[in-house]
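Going down the list, the sequences are from chains F and P.
For the first sequence, counting from 1, position 228 maps to 341 in my numbering; every step adds exactly one.
For the second sequence, counting from 1, position 13 maps to 557 in my numbering; every step adds exactly one.
Quick caveat, the hints were computed from the structure, so don't treat them as lab data.
Among these hints, one or two may not hold up.
Beta-carbon label-pair distances, calculated as ranges [to be verified]:
hint, chain 1, residue 1, chain 2, residue 2, range
1, P, Val631, F, Arg142, 31 to 37 Å
2, P, Tyr566, F, Lys275, 43 to 49 Å
3, F, Phe545, P, Lys549, 33 to 39 Å
4, P, Leu554, F, Glu310, 35 to 41 Å
Here are the simulated lysine-lysine pairs, DSS-like style, with alpha carbons at most 27 Å apart [stated by the list, open to error]:
hint, chain 1, residue 1, chain 2, residue 2
5, F, Lys429, F, Lys549
6, F, Lys150, F, Lys460
7, P, Lys551, F, Lys460
8, P, Lys551, F, Lys549
9, F, Lys429, F, Lys492
10, F, Lys460, P, Lys547
11, F, Lys328, F, Lys460
12, F, Lys578, F, Lys128
13, F, Lys460, P, Lys557
14, F, Lys328, F, Lys275
15, P, Lys549, F, Lys460
16, F, Lys128, F, Lys511
Where is the CB? At the ideal position from N, CA and C, for every residue including glycine.
Now for the letters of each chain:
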Amino acid sequence: MTLQVTAESVVQAVKEKTPILEYYSPSDRRLYLTVAKEAIRTVADMLFNGLNARYLISSGTDRRQTDGYFEVLHFFAFDRSNLRVGVRCLLNPEDLEIDSITSVIPGAGWAEREIQDLLGIRFVGHPDPRPLVLPDGFPEDLYPLRKDYPYDYKPPLDPNKKFPFKEPPADTTVVTVGPFFPVLEEPSQWRLFVDGEVVVGCDYRGFYNHRAIEKLGDSVLTYNQACLLAERICGICGCVHSTSYCQAVEEAAGIEVPVRARVIRSLILELERIHSHLLWLGLACHIIGFDYGFMQSWRIREPIMWLAEYLTGSRKHFSINLVGGVRRDIGPDQFERILSVTGQVEKQFLELVEAIEGDTVLRSRLEDVGILTPEEVRKMGSVGPTARGSGVAIDARKDHPYAAYDLLDFTVVTHDGCDNLARTLVRIGEIFESLKIMRQCVDLLSELPEGELLGEIPDEIPPLKEGMHAVEAPRGEVFHYVLTGYDNRPYRWKVRAPSYQNIQTVPVMLKPGTFLADVPITLGSVDPCFSCTERMEIVDQAKSHSYVLEEQDLIDLSRKRYLKLKEQRGKAHDQV
Amino acid sequence: MIKSKIKQLLIGKQAGTVTLPYPFSPRPSEPGYRGRVVVDTDKCVGCGGCADVCPARCILITDESPFIRIIRRYLDRCIHCGRCEDVCIYDAVHLDGEYELATTDRSDLFIEQVLFMGTCSRCGRCYIPPNPLDRLMVVGFRKDEKWSGQR
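Based on the sequences and whatever the hints tell you, model everything.
This is how it looks when you write it as structure tokens:
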């Protein structure tokens, strides 16, 4: 894996297999290739297996307005060489079929299903071509991400159409975990096929509350509006999305960001990593029934949240990034508090880690559970602590330095355990590294002269320029791709959150033979992050019968409750 | 194992109860917090800069007539990013430290602002006369004139 590649060597290697229609390399860290659609599987196989590239994501674009084609763009990263490659195929609108690359790269499964749902491009040879993103009963000939689909149109859904779940194997029982399940932070539906106590397979259904943020960015928002919306993609690690988005736009438009702004971005990103890892540690302890760890790590986390509020104006949605730089400065009078909080958190967290690491009960729940081998990490494209817990040292901060990480000194924490314990230890190690980085950022800020926080921004960003950038989020690598458009707005904005790859890994981690009791912590160990639900079941124990509330019943109930509250409130007002 | 549990107990004992008695005692926000949106209607000139940058698009501007501009702020969908405060060159918008904004009635979070604008004699678009005396002369400023809405 230490093989160094450059843009030229990748072009040469691809040329040997198949002719390249077009290629350009805006910098020595980026390469965009256009190949014939018949050759895509060969090229993907060559990059992934031949050159050991890591698969990132695939994006589909309706480019009929610009050059009359549909486009499928597969992204790959060469981590040791700081190079990212986009492989593009142009499809004629009359013939929307392309070879699937999922047989070569299993981690591309979801991305291709998403493009199939949203753009209507058919992937020939996909092993699991079920719908993924669209709600059940969505009209079949409508594709929401096409440019002729209005962003606010909501078609009627066919209530009789249900999702085609996998058939369970013979002699197994289906145990449904979710959409609501007490230990998952957010709901998703896992159907576990269980033989006695042992899990033999599973099926996943998510995307219940797909918010179509990419569509909004493609159709109505301006560059800076999309940046603040990007932050709201995630409720725990939002700043990584806005940073990644801004960097992609800056790369496309050639905007230079001042050093001071870059250092502030790094500082805020590390602050976010600490709070997210402490939150996860608490939840993981809670999942395995160790509530002491939950209480203590959340106690240690709270001063971090207050510090975030003090530095940025909000506990969670910092809104500190804009295209070109940051909005708020961090001045000398704030350094003291940053240093005192980081010192206090480090001391308290070290004490806590020393106390719980000898806890045999904790270890027995985590050790040798949810095994994920390095080969599986590569195949599924897992990122972040999920990958580093299997000894795969990929970290966008080191491999593809952004913000001020080229000026900072830190190590990438890895662990060879490949189990849930390893993933926990990686996160614990990263908290200490992040505290170290924050102190280095403060040193850098005190040396740097005060000055501009926003770079020079052109009045209009030129259309049809591309930029891609990734940020190492607490959960893994966040990837954003932006294609600039006309009217000073993005034309296409593709987001890949780390959980997108990591949740695909869970079925691999739930190896046949896993005990049912270990499923929640294994699900939790990737720190999944997703959204809402559709129905619930009420069991009346006294009358010993059960009935199901469908979506419409729930909505009616909520409305009734709202009207009742409003009435009560009106009365209270009258009394005043 | 027992050593670990004793250590855990000591940490818990040392930390004690850290839960704040909120809401029974106030918990003021940090300075610079982006909370409730407050509009100083006297300073606002109706330029619409805030509506341009709002990512949630919760600020709507309607020109009822050449003299009257209505700015409606649907703050129930405000995401408190504070961009309106950033771009307002007249300091008319401010996000203060108040964060207890939960309500059962959406209209509690709605601000409607009616501005009486002068009309530019050259381009016909409305603007706020810079001088308070000139503002009095704008048609619709007094209640008995053309516009009978409330200020």
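So which of the earlier hints does this model not fit? Hints 3, 6, 9, 11, 16 contradicted; others consistent.
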